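Enquirer: With the hints as extra help, turn the sequences into a complete structure.
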Amino acid sequence: DTGVSQDPRHKITKRGQNVTFRCDPISEHNRLYWYRQTLGQGPEFLTYFQNEAQLEKSRLLSDRFSAERPKGSFSTLEIQRTEQGDSAMYLCASSNGEVRNEQFFGPGTRLTVL
Amino acid sequence: LAKTTQPISMDSYEGQEVNITCSHNNIATNDYITWYQQFPSQGPRFIIQGYKTKVTNEVASLFIPADRKSSTLSLPRVSLSDTAVYYCLVGDIRGANNLFFGTGTRLTVIP
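Protein chains in written order, with the numbering used here: chain F, 1 to 114; chain U, 115 to 225.
These are computed hints drawn from the structure, not numbers from a lab. Since the structure is predicted, the reported quantities are computational estimates derived from the model, not experimental observations. Take the hints with a grain of salt, since some may be wrong.
Unchecked claim - Just some of the chain F residues that point at chain U, by a computed CB distance under 7 Å:
#1 Gly-42
#2 Pro-43
#3 Leu-91
#4 Asn-101
#5 Phe-105
#6 Pro-107
Built from N, CA and C at the ideal position, the CB exists for glycine as well.
Expert: Here it is, written out as structure tokens:
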């Protein structure tokens, strides 16, 4: 399978714990995006990387959230001191930046904070 | 990014053609119209994109009138597997580093 993969698919944690999610984009894609989706809503943009550079961050990305893409390939999203409001589906997408800028999404990581 | 308005939900019987209309009154000259589909517990998937008139691919057609203030996604002969949420997005794709999805239209196909 050469699509976007995310790990883990599900994560249950207690409030106050730190969690880290991983995204492996399509190999030739230089752009990588993180989104968050809550029940009944569309995905909301969190942050964007071009290669290893984090070029854009949403105001939704509080200082408890940090994302990295150290070698311009896979990316990690860490949430520190999780809160119940962080419970959501975290989606990763990648693109090659071509004309229509189609983003290819992974299956997501569903986070539940108890 | 231009704001979009689309119906919250729609129902259709199998085999029928479904048309989902999206309003985007403030669309800018450089904006394209893109539709994504999302099944439960999956990430969204690109369906179709257009700038004006009509675009057709193996999955759907996209109709855009001359004033570009609305667009219609047409799904021919839907099946149960087309039950999903459909998002209309409008933006300048050349510089877009993020997509604004809105709440989408939940399509339910009934046997």
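Enquirer: Okay, which hints does this one fail, numbers in order?
Expert: none
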